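K.L.:
Read off the chains here:
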Amino acid sequence: MNELIYGLITGIIFGFLLQKGRVIRYDKQLGALRLLDMTIVKFMLSTVIVAMVGVYLLKDLGLVKLSIKPTILGGNIIGGLIFGFGWALLGYCPGTSLGAVGEGRWDGLWGILGMLAGAAVFAEFYPVLKTSVLTWGVYGKITIPTMLGINHWIVIVIFAILTVLLFRWFEKKRL
Amino acid sequence: MNNQEEPKGWNPYLAGALAGLLIIFSVWFTGKYVGASTTFVRGAGFIEKVFASERVSKMEYFVKELPKIDWQWMFVVGILLGSLISATTSKSFRSQAVPAMWEGRFGPNKTKRATTAFVGGVIAMFGARLADG
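Here the protein sequences come in this chain order: A and B.
For the first sequence, my numbering puts the final residue at 178, and the numbers step up evenly by one.
For the second sequence, my numbering puts the final residue at 198, and the numbers step up evenly by one.
Just chain B, with the same shape it has in the complex (with noise of 0.2 Å):
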């Protein structure tokens, strides 16, 4: 499969434009806008439940962006969901543990990219809630 030449995507303009009328109707629709950094926070919260309920039920931003299941969360699911059903019916899913232009800068090194995503996740969040966005 990795060595199939993959087709040609959407221009970007019109997959883009696409992507507007959509949120257009979902705001017309439900009143919802999409976002999906509240949703990490949601995610945390469920995990740190887990080991620690009663502190989680105490923790001011935890109970500002409190641990359930909303639209946003399922948007984010959706998004995953939407990329595998585009991927796999178009012959443009790879399995892939390093992207192509890491590997030509940092070579195929799996855990030094692994690394670097997760280091980058844990700094790109803290960011994205201290900006609110």
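Looking at chain A on its own, in the form it has when it is part of the complex (with noise of 0.2 Å):
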């Protein structure tokens, strides 16, 4: 029960967060996806930055655990390339379906309803593609430091230092 009350916590700052942001309407989404509008590139990449260094920060304490997705390229590639031309059409994802609807914006509830069906659809699909697709290119639980043996910190901070590069250019450009 303690669970579902963080996770209805989490989820109201988290969907405040996204619209005080300006990031979960479609006119951002597509501006990104156009490349004439890059703020919802900025507040992902942010998030990422300060996620990155304190919970592998906790995790060299010794008080969190990582949760990583194994590797399946034919899942990942082709899964990907699929997920991008819907969410074109869409212009919300998954989670942000929820904040638009929340600000308003009702062709969101027909997301939702679309994004249903298609894990219904993707049910039914999946005993094929578990011997298909997702047989392709199997690496298992890999992240990119275990992948090049180095530590991660040296991995965390060119990941930052790139980071901040793109985000001068995105001021430099106006994006």
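Keep in mind the hints are simulated off the structure, nothing from the lab.
You may find that some hints are simply not true.
[Unchecked claim] Below, simulated DSSO-like cross-link-like pairs (lysine-lysine); rule was C-alpha separation at most 27 Å, straight line:
| # | chain 1 | residue 1 | chain 2 | residue 2 |
| --- | --- | --- | --- | --- |
| 1 | A | Lys-144 | A | Lys-72 |
| 2 | A | Lys-133 | B | Lys-177 |
| 3 | B | Lys-123 | A | Lys-72 |
| 4 | B | Lys-156 | B | Lys-73 |
| 5 | B | Lys-114 | B | Lys-129 |
| 6 | B | Lys-97 | B | Lys-133 |
| 7 | A | Lys-144 | B | Lys-97 |
| 8 | A | Lys-62 | A | Lys-144 |
| 9 | B | Lys-73 | A | Lys-176 |
| 10 | A | Lys-72 | B | Lys-129 |
| 11 | A | Lys-175 | B | Lys-156 |
| 12 | B | Lys-133 | A | Lys-133 |
| 13 | B | Lys-129 | A | Lys-68 |
| 14 | B | Lys-97 | B | Lys-129 |
| 15 | A | Lys-133 | B | Lys-123 |
| 16 | A | Lys-133 | B | Lys-73 |
| 17 | B | Lys-129 | A | Lys-144 |
| 18 | A | Lys-72 | A | Lys-133 |
| 19 | B | Lys-114 | B | Lys-133 |
| 20 | A | Lys-62 | B | Lys-175 |
| 21 | A | Lys-72 | B | Lys-97 |
| 22 | B | Lys-156 | A | Lys-72 |
| 23 | B | Lys-97 | A | Lys-68 |
| 24 | A | Lys-144 | A | Lys-133 |
| 25 | B | Lys-133 | B | Lys-123 |
| 26 | A | Lys-62 | A | Lys-72 |
| 27 | B | Lys-175 | B | Lys-156 |
| 28 | A | Lys-144 | A | Lys-68 |
| 29 | A | Lys-68 | B | Lys-133 |
[Unchecked claim] A few chain B residues that face chain A, going by a derived Cβ cut-off under 10 Å, partial list only:
| # | residue |
| --- | --- |
| 30 | Trp-93 |
| 31 | Val-115 |
| 32 | Val-142 |
If you're wondering where the values come from, they're calculated on a predicted model, not measured in any experiment.
Glycine is no exception: its CB is placed at the ideal position from the N, C-alpha and C atoms.
Two chains, two separate frames, one set of hints: put the complex together.
P.N.:
Structure follows, in structure tokens:
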């Protein structure tokens, strides 16, 4: 029960921040896909950098465990391409569709219904996909530092520097 | 309400960084990493169970992702509430069926937008689940 309350509170704060950042609306999401407005990329990469540093710090202190999804190139690449195609049509991603409805964007409701249907379709195809696409390029729970055999802080610092350079370029180009 | 000028939001770097802090605290205190798409699988399972309970209980994917309300389910509901609170307390709520950028390109037809959003949703979620994202 506690777990459910934590989920709700975390979601409320997250939805609040998404709305304040103006990242949940169609125009912003399509703006990024059309390379016209990088607001959502600024938000996402800021979240990633902060969370990356904090979570790895806690991990080094032995306070938390990482949750690593297995790499399956077939599913990751083909699924990613299909997702991008659908995202561009819908203009919301799974989480932000709920946020969009919260700020009055009713077309998000059609997206939510579509995504429920999409999940149902996937469930029908899962037995077939499991023995085909999802067996292509299975690498298990790998990360960039473990793959390269280097300390994770090297990867984090390089990633942070590249992100800051990208942010500076966005600001220079007024994206 | 729709004619009012919308106030400027927060700096996206700041709002994003705060979301990062939220994730750190979530992982620290509850061990939970954020996500959303599994909830759509559980939601679909709930709906299908109404019509074919026995079939759903035998489907491999719904056995893997049981139709149940868990941490992420509540997180996703929370996103809607949090956005609603933020929008209504800052004159930023807009009742709108067709986004401005869409209307500029494809016109104000609501059915056209609704159909595309639905089809896009089907495709996006299929892809997201295939990629396990």
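K.L.:
Taking the hints in turn, state whether each one holds.
P.N.:
Structure-based check of each hint:
For a cut-off of 27 Å, the pair hint linking Lys-144 of chain A to Lys-72 of chain A stands: about 6 Å separates their Cα positions. A distance of roughly 35 Å separates the Cα atoms of Lys-133 of chain A and Lys-177 of chain B; the hinted pair therefore is violated under the 27 Å criterion. Of the pairs offered as hints, the one joining Lys-123 of chain B and Lys-72 of chain A holds, with about 25 Å between alpha carbons and a cut-off of 27 Å not exceeded. For the hint pairing Lys-156 of chain B with Lys-73 of chain B, the CA-to-CA distance comes to about 10 Å; that is within 27 Å, so the pair holds.
Simply put, Lys-114 of chain B and Lys-129 of chain B have alpha-carbon atoms about 15 Å apart, close enough for the 27 Å limit, and the pair holds. A threshold of 27 Å between alpha carbons decides the hint, and for Lys-97 of chain B with Lys-133 of chain B the separation of about 17 Å falls inside it, so the pair holds. At most 27 Å may separate the alpha-carbon atoms for a hinted pair to count; Lys-144 of chain A and Lys-97 of chain B meet this at roughly 18 Å. With a CA separation close to 16 Å, the supplied pair Lys-62 of chain A and Lys-144 of chain A stays within the 27 Å bound.
Under the criterion of a C-alpha separation no larger than 27 Å, the hint pairing Lys-73 of chain B with Lys-176 of chain A is consistent with the structure, at around 20 Å. A distance of roughly 15 Å separates the Cα atoms of Lys-72 of chain A and Lys-129 of chain B; the hinted pair therefore holds under the 27 Å criterion. Proposed proximity of Lys-175 of chain A and Lys-156 of chain B is contradicted: the alpha carbons are some 30 Å apart, above 27 Å. At roughly 23 Å between alpha-carbon atoms, Lys-133 of chain B and Lys-133 of chain A fall within 27 Å of each other, so this suggested pair holds.
Straight-line distance between C-alpha atoms of Lys-129 of chain B and Lys-68 of chain A comes to about 22 Å, which keeps the hinted pair within the 27 Å bound. About 19 Å separates the Cα atoms of Lys-97 of chain B and Lys-129 of chain B, which keeps this hinted pair within 27 Å; it holds. Restraint check for Lys-133 of chain A and Lys-123 of chain B: satisfied, since their Cα atoms lie roughly 16 Å apart, inside the 27 Å limit. Distance hint between Lys-133 of chain A and Lys-73 of chain B is unfulfilled; the C-alpha atoms sit about 47 Å from each other, more than 27 Å.
The suggested pairing of Lys-129 of chain B with Lys-144 of chain A holds, with an alpha-carbon distance near 19 Å, which does not exceed 27 Å. A threshold of 27 Å between alpha carbons decides the hint, and for Lys-72 of chain A with Lys-133 of chain A the separation of about 16 Å falls inside it, so the pair holds. Of the pairs offered as hints, the one joining Lys-114 of chain B and Lys-133 of chain B holds, with about 11 Å between alpha carbons and a cut-off of 27 Å not exceeded. Straight-line distance between C-alpha atoms of Lys-62 of chain A and Lys-175 of chain B comes to about 49 Å, which puts the hinted pair past the 27 Å bound.
Pair hint Lys-72 of chain A plus Lys-97 of chain B holds up; C-alpha atoms about 14 Å apart against a cutoff of 27 Å. Annotation: proposed proximity of Lys-156 of chain B to Lys-72 of chain A is violated, straight-line Cα distance about 40 Å (limit 27 Å). About 10 Å separates the Cα atoms of Lys-97 of chain B and Lys-68 of chain A, which keeps this hinted pair within 27 Å; it holds. The hinted pair formed by Lys-144 of chain A and Lys-133 of chain A meets the criterion: a straight-line CA distance of about 17 Å does not exceed 27 Å.
For the hint pairing Lys-133 of chain B with Lys-123 of chain B, the CA-to-CA distance comes to about 15 Å; that is within 27 Å, so the pair holds. For the given pair, Lys-62 of chain A sits about 17 Å from Lys-72 of chain A by alpha-carbon distance, which is consistent with the 27 Å threshold. For the hint pairing Lys-175 of chain B with Lys-156 of chain B, the CA-to-CA distance comes to about 24 Å; that is within 27 Å, so the pair holds. A C-alpha spacing of about 13 Å is found between Lys-144 of chain A and Lys-68 of chain A, which places the hinted pair at or below 27 Å, so the restraint holds.
As the CA atoms of Lys-68 of chain A and Lys-133 of chain B are separated by approximately 24 Å, the hinted pair is consistent with the 27 Å bound. Satisfaction of the interface hint for Trp-93 of chain B is found here, the shortest Cβ-Cβ separation to chain A being roughly 6 Å, below the 10 Å cut-off. Hint status for Val-115 of chain B relative to chain A: violated, with the closest Cβ pair at about 12 Å, above 10 Å. Interface hint at Val-142 of chain B: satisfied, since its Cβ lies 6 Å from the closest Cβ of chain A, which is below the 10 Å cut-off.
Comparing the model with each numbered hint stated earlier shows that hints 2, 11, 16, 20, 22 and 31 do not hold.
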